[in-house]
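> Please model the entire structure based on the sequences and the hints provided.
Residue numbers for the sequence shown follow this note's numbering, so the first one is 359 and each next one is one higher.
Hint data in this document are derived by calculation from the structure and do not stem from the laboratory. Quick caveat, the model's predicted, so the values are computed rather than measured. One or more hints might be untrue.
Here are the computed lysine-lysine pairs in the DSS-like style, where the Cα-Cα straight-line distance is at most 27 angstroms [as the list claims (entries may be wrong)]:
#1 412 with 470
#2 435 with 532
#3 503 with 483
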Amino acid sequence: MTELKEFIEQMRATSSSNEKVKILKQQSEFIQRVLEYTYNPYKQYYVTSKTCIKNFMKSLPISDLPLSLELFDVLNKLNNRVVTGHDAIRLVNSFIASCPNNGELIYKIIDKNLDIRTGAKVINKAFPNLIPEFNVALAKTFEEKDVDFNAAEWYASRKLDGVRCLAVVDEMGKCTLYSRMGKELTTLNSGIKFGNALLITLAPVLVLRSLSIIL
Numbered sequence: 359m360t361e362l363k364e365f366i367e368q369m370r371a372t373s374s375s376n377e378k379v380k381i382l383k384q385q386s387e388f389i390q391r392v393l394e395y396t397y398n399p400y401k402q403y404y405v406t407s408k409t410c411i412k413n414f415m416k417s418l419p420i421s422d423l424p425l426s427l428e429l430f431d432v433l434n435k436l437n438n439r440v441v442t443g444h445d446a447i448r449l450v451n452s453f454i455a456s457c458p459n460n461g462e463l464i465y466k467i468i469d470k471n472l473d474i475r476t477g478a479k480v481i482n483k484a485f486p487n488l489i490p491e492f493n494v495a496l497a498k499t500f501e502e503k504d505v506d507f508n509a510a511e512w513y514a515s516r517k518l519d520g521v522r523c524l525a526v527v528d529e530m531g532k533c534t535l536y537s538r539m540g541k542e543l544t545t546l547n548s549g550i551k552f553g554n555a556l557l558i559t560l561a562p563v564l565v566l567r568s569l570s571i572i573l
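As C-alpha cells, this is what we get:
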C-alpha cells in the first residue's frame, strides 16, 4: 500500500492532465487494479467510510476473518453482496484493523475517490477502456446556426428537472439502473425490458428526466 500512497501524492502534486497521464502510464498492475476498483461505476460497495468509522469499535472483532484475505477479496465480497449491512461494516473494519496503517487508503477506495484530482477520461488516456464511462447526451447552449428551422423535419424536447436515469440491460436481459455518475438507483420499483422498449415504474418521489438504454 506504500506504492498506492506514493502514487496518490504524485498525482496530487500536479494539475496538468498531460503530467497525470505520464504518471499513470508508469504505474504497476496493482495500481491499475486499484483504479479500476475505485472508479469503475459498476463496482459498488454499499458501505461508506463515514458509516464504518462511526461503527468501528462496535463492529470488532470478526472471528472468522480469513488470515489470507486480501484487499480485492474484501471489495469483491462487498460488490457481489456476499456480505451486507452490519456484516459488511464488520468485514471492512476488521480488515482495516489487521492493517491499521492502510485504513485511510482503504476507505478512499470504498468511497470511490482516491483524491487524485482526475477522473475516468484521464485514466483511460493512459489505460484505454480501463474505466467504463457514461457518455450521455447533455444540454448545450443554443446556437441558431446549429438548427435549420426551414428543414422538413426538426425536433425539440422539453427540459425537465429531476434525476438522469440510465438503464443498462445485460446479455441475460437483467436491467440495472444508474445515475449519471454511475451510482446504482435502488429506489425504483421495477425496470422490465420488452423487446426494444423498457418499461419503468418510478418511485413517487423520483422524476425521470431522461432515459438512455445501453445494450
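> Are the Cα atoms of residue 412 and residue 470 separated by 27 angstroms or less?
Given pair residue 412, residue 470 holds - Cα atoms ~18 angstroms apart, limit 27 angstroms.
> For a C-alpha distance cap of 27 angstroms, please report whether residue 435 and residue 532 respect it.
21 angstroms, holds
> Given the hinted pair residue 503 and residue 483, is their alpha-carbon gap at most 27 angstroms?
Violated, at about 33 angstroms.
Going through the hint list in order, the structure does not satisfy hint 3, though it satisfies all others.
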